[in-house]
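**Student:** Numbering (the numbering used here), first residue to last: 45 to 150.
No lab work stands behind these hints, which were simulated from the structure alone.
For glycine and all other residues, C-beta sits at the position ideal for the given N, C-alpha and C.
Heads up, a few of these hints could be off.
[To be verified] Capping the alpha-carbon separation at 30 Å, the derived lysine-lysine pairs in DSS-like fashion look like this:
| no. | residue 1 | residue 2 |
| --- | --- | --- |
| 1 | K112 | K127 |
| 2 | K127 | K114 |
| 3 | K50 | K114 |
| 4 | K50 | K127 |
| 5 | K119 | K50 |
| 6 | K112 | K50 |
[Unchecked claim] Distance windows between CB atoms, simulated:
| no. | residue 1 | residue 2 | range |
| --- | --- | --- | --- |
| 7 | T63 | A104 | 30 to 36 Å |
| 8 | P132 | E52 | 27 to 33 Å |
| 9 | D106 | E46 | 19 to 25 Å |
| 10 | E109 | E59 | 16 to 22 Å |
| 11 | F130 | G58 | 18 to 24 Å |
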Amino acid sequence: MELDEKLEIENSIGEVLRTIYDPEIPVNIYDLGLIYNIDVDDEHVAHITMTLTAPNCPMAEDLVEEVKYKVAGIKGIIDCNLKLTFNPPWDRSMLSDAARLELGFL
Numbered sequence: 045m046e047l048d049e050k051l052e053i054e055n056s057i058g059e060v061l062r063t064i065y066d067p068e069i070p071v072n073i074y075d076l077g078l079i080y081n082i083d084v085d086d087e088h089v090a091h092i093t094m095t096l097t098a099p100n101c102p103m104a105e106d107l108v109e110e111v112k113y114k115v116a117g118i119k120g121i122i123d124c125n126l127k128l129t130f131n132p133p134w135d136r137s138m139l140s141d142a143a144r145l146e147l148g149f150l
């Protein structure tokens, strides 16, 4: 896969992730800082490492499935391999400036 194509697909993944919202916080998971890594391999499989705001999130399974489903539906992606991690644990410092503004932290 060409570097330009890879970057374009990874940008598309970021855009799709911005449409997925944490059910308890009115901010998308990308701007919340829940996405730690996005990579697309030469076989067009998206590898995403993400976390949750809390390990005991009651909506964790639904959120993970939504990410996998929406990312796998992006043109140029044939599958999504999602790794859920809690290392490092999420904290407010991971919020984007847009999320801080939305939540009144600026």
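**Student:** Give a verdict on every hint.
**Tutor:** Comparing the hints with the structure gives:
1. K112 - K127: holds, 10 Å
2. K127 - K114: Roughly 15 Å separates the two Cα atoms, so the pair holds.
3. K50 - K114: holds, 18 Å
4. K50 - K127: Holds, at about 20 Å.
5. K119 - K50: With Cα atoms ~12 Å apart, K119 and K50 stay inside 30 Å; holds.
6. K112 - K50: Holds: K112 and K50 sit about 18 Å apart, inside 30 Å.
7. T63 - A104: 30 to 36 Å: About 18 Å separates the Cβ atoms of T63 and A104, which means 30 to 36 Å is violated.
8. P132 - E52: 27 to 33 Å: Once the Cβ atoms are compared, 29 Å apart, the range 27 to 33 Å for E52 and P132 holds.
9. D106 - E46: 19 to 25 Å: Roughly 35 Å apart at Cβ, these two residues miss the hinted range, so it is violated.
10. E109 - E59: 16 to 22 Å: At 19 Å between Cβs, range holds.
11. F130 - G58: 18 to 24 Å: Taking Cβ atoms as reference, F130 and G58 lie about 22 Å apart, which means the hint holds.
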